[in-house]
Every structure is written in C-alpha cells, then in structure tokens.
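Peer 1: If you're matching positions, the sequence shown starts at 1285 in my numbering and goes up one per residue.
Just so you know, not all the hints are guaranteed correct.
To be verified - Simulated restraints, written as ranges between beta carbons of each label pair:
#, residue 1, residue 2, range
1, R1626, I1542, 36 to 42 Å
2, A1527, P1335, 21 to 27 Å
3, L1500, F1310, 22 to 28 Å
4, L1503, K1529, 20 to 26 Å
5, E1660, F1791, 51 to 57 Å
6, F1384, D1750, 42 to 48 Å
7, D1750, G1543, 49 to 55 Å
8, L1788, Y1547, 32 to 38 Å
For the record, the hints were derived by calculation from the structure and aren't laboratory data.
Ideal Cβ positions, reconstructed from N, Cα and C, are used throughout, including at glycine.
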Amino acid sequence: MAQPEAAAASGGGAAAAPDKLDAAVFKIAGVVVLGAIMSILDVTVVSVAIPTFMDKFDATYARVAWTMTGYTLALATVIPLSGWAADRFGTKRLYMLALFLFTVGSGLCATAGSIDQLIGYRVLQGLGGGMLMPIGMTIMTRAAGPQRIGRLMAVLGIPMLLGPIGGPILGGWLIDVASWHWIFLINLPIGVIALIYAQFALPKDNTEPSESFDFLGMLMLSPGLALFLFGVSSLPETGTMSATKVWLPMLIGGLLVIGFVLYSFKPKHPLLDLRLFRNRNLAFASLSLFVFIIAFMGAGLLFPSYWLQVRGESTLDAGLLMAPQGIGAMLTMPIAGMLADRIPVGRTVPFAMALIAIGFFSFTQVGPDTSFLLLEGSLFVMGLGMGGTMMPIMTSALKTLTGHDVARGSTLVNILQQIGGSVGGAIMSVILTSKTGDAPAVPGATNPQTGGPLKITDLAVASHHDPALAEKLGPAGPGLIDQGLHYLADSFASTYWVAFILVLCTFIPIAFLPRKKEVSHLLDDQPAGAPAVMIH
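The whole structure should be built from the sequences, with the hints applied where relevant.
Peer 2: The structure is reproduced here in structure tokens:
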C-alpha cells in the first residue's frame, strides 16, 4: 500500500509530495501502465490481424472490421459510467474489475470459432478496457499531486503513444511465428500479473456515501454514443451516408446525445458533468485533443496499410517500419512532461504540433516508390512532435480541476478520445475506400471475393503475394499492376491530404491554450493530510 505521505495534499491544495516522482508513485503508476498497455496494444494488434481473420473465418473485410468496431462501441458505452462508479465503489475495486473483465475477454477471444463469436468476445473486452484508462488516470493524478502532474502524464503517455507502434510489430510477429490466437493469449499472463500487482500496490479504497446515480442520463448518453458510433463505423462498409445502416443510427444516437447535453445541466450530479467545460483550460484542451485525434489517429491507422498494400511489406515489417515514430516520441515525452510542470503548455505545444505537420506533409506526396529514408525520417519527426503534444494537452485539461472533479474530467477527455478516434478512423477509411472504389476495372476479370469487377488496385495488392501474377496476365500484366500501384498510392496520398488539413486546423484551438502559469487546484477539496489517491 502506498504511504500517505508519498501523495498527500494539504487542504489548500499545496502538495506535500516531493517535486520528483518517488517510489510510491512509480509503484502505483506501474499498475496503471500495465493496464493501459494491454488496452491500447489490443486495438493496434488486432488491426494487423484483419487479413488473417478474413482468411481463417472466410469473412469479408467489412464483417471482420467489427472486431475493432465492437470493441470501440463497448468502450464508448462504459466510459460515461466510470466517474460515478469511481465515487461509488472506489478506484481500486473498479480498476481490478476492469482488469478482470479485459483478461477474461482476451482468453475467450482466443477460443472463438467464428467471426460472430470473436466480435462478441471483443465487446466483453471493451467493457473492461473502457474503464482502464479513465480510472487509471484518476488514480495516477491523485497519487502524484498538482506539482507533478505533467511528469505523471509523461509516464502514462508511454503506452498511449507507443501502442500504435508496438501493436503492429507485436501482432505481426505473433501471427508469423505462432498463430492469431496469441495476440489475445498474451494478455492472460499480463492481466494476472496486473491483478496481483494492483492488489498489493494500490491503496485501500476509502469510499464515502455516493451521489445518486443518473439513470435518465445513462439511458440517453450510453445508447446515444453507441448508436452514433455504430452509424459512423458503418460508413466504410456502405460507402455512403444515404444507407439506412448509417444515417438512422447516427440520427437516433445524435438526438439522444443532444438530449443528454440539454438535460445534463439540470440534475445536481449528472452522469457526465458538462459544467466542467466552464473551466477554460479543460474546454480548449479537450477541443484541441479532439480535433488532433480525428486527424492523426484516423490517418495513423492507415500508415501500416500503406506499407502492406502499396509496398508489399509483411505484417511484421510494416510494424517495424512504424518504429521511428515511437523512438521520436520516447525522446521528447519526458522533456515535455517536465516542461508541462514549469511552462504553460500554450508556449510549447504549438512547436510540437508544427513538427507533426512538417512530418505529416511527406505522406501527402507518397507514391509506389517513395524513398524509405524520407518516410522513416518523417515518422521520426512526427514522433518528436507527438511526444510533446498529447500529454501536455491532457495535463492542461486536468491540472486546474479540483480533486473531486478529476474522475469526471478524465472521463470527459477519454470519451472525446474514443469518439475522435472512431470518427477519424471512419472518415479516413471512407475516403480511402471511395478513392480505390473508383479505380478502373481489369477488362473481363471478376473479383473472386466480391463477385464484382476486379479493380486494378486489387490486382496490385494481389501481385505482392503472387510474384508470377504479371506473367499470368500476359503482355498487359506488368502495365496493369504498375497502374494499379500508382492509383493505390494516389488514393493514400489524397486521404493523407485530408488528415493533414485537419492537423493544421488543430492550431486554432491550440492558440487558446494557457500561455501564463496558472495555480493548480487539483486537490483543493482534499482534507489536510489525506492520501491523494482517495476518492470521495
């Protein structure tokens, strides 16, 4: 159990904790980082397994994509409950329950005998995974105190930034050397270790009588978010907003969410406290993060696809080619964490975002033979910017909240991240699918998977797996494959242009981030001498 003096706060909000992160805080951080690694890696590990699932379960891409969509929908449904549940049951109990659900869900995923079973088990995983990040963030921010929240966010940011890089590498390696089952089985020992670690490392919960649960808010917000994201996630499959599967759930979900927004200002304790947006730091930091997540995370999911489909790399090599981004982030993240505790983020984040924009621009120019050195260097520069962007923005969002509002604020931030990631992924997938769908057809050829005409882009992707394909097609073969590769590369470039413009749009809300040092009120409502990890 963490010693109280390691993370105590005085009644006036002045932290009694030392300026540097100590052993007691790192012990608690270890539990949270383990959970975050499992949750975040799981999203990206599954992304590289989609072709394998299509082959093993004889399913279409649109069907298999629901292994990711179902997980995201479960996250969106359960995250709004996290703030209330943390107050009611205590962070330790809730965090361990989330770890248990995620671990059990992982084991069940490995036993799936059909794509429908896999999707169902992924939903169970998402119910646990959805609580890991907001509850973990609450535990860590209270453990460190206001003077150390920037460095703390740098620790928590490691799995958040390295997940998209480490996931494809790990997933590709496990699929190559073992089988797809191991991308889920690997979570079992980590989950068991995390549960045992949490039992001994996290302080005992000291809960007090909880505020009443907002059932009406839950009936509007959770189904509303799930329906809206279901409609958005159906866009890549249908390719049009006019499809009933898209517009109807988006409309109903949107109306429920709007209804919740209007209603949420009436009850004393709403499910999601939107009054927190009156805090200027939280409002502009959340908006900056939301726009950035749509742009970067949406396009980020397509980076490995470029290596796989245009350059013909293996799943393992595609993951390894993303490594420079992680290396860049590792270099700047600790520095950014220390700076966030000393310098207002409004003075540092714009420079980090400029690095992201510079690196991103190269991907708007990609072709079938673009220099690997140029693209790897661009990913490294983007990583440098990432390390100085996400965690300082999240620090700004939470730093001036009172202790009681940290759980609510972290819930808001996590919901925006999930919505932004889902919307960004759907937008980029729709643009790419639309572009490749307009590709010319190969005369007289039929796609065996869809039954429709065979596109030159399909031919280009198939050529990576069958080097003799050009000869089989006769004299026109090499020309058709080369044309398909150029068309596919141009489709990726057009998609990256949209994402690049959205990255530039992020500079607007970033301009309103604090440029003067403000006093943190993170623990203002804590009683004198109380452990900072206490939830009331």
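Peer 1: Does each hint fit the structure? Answer for all of them.
Peer 2: Hints, verified against the model:
Between R1626 and I1542 the Cβ separation comes to about 41 Å, which falls inside the hinted range of 36 to 42 Å. Our hint of 21 to 27 Å for A1527 and P1335 holds, since their Cβ atoms are close to 25 Å apart. Take L1500 and F1310: their Cβ atoms lie about 41 Å apart, and the range 22 to 28 Å is violated. A hinted range of 20 to 26 Å holds for the C-beta pair L1503 and K1529, which are about 23 Å apart.
Taking 51 to 57 Å as the suggested C-beta distance range, the pair E1660 and F1791 does not conform, at roughly 26 Å. In this structure the supplied range 42 to 48 Å holds for F1384 paired with D1750, their Cβ-Cβ distance being about 45 Å. At about 53 Å, the beta-carbon gap between D1750 and G1543 stays in the expected band of 49 to 55 Å. Between L1788 and Y1547 the Cβ separation comes to about 35 Å, which falls inside the hinted range of 32 to 38 Å.
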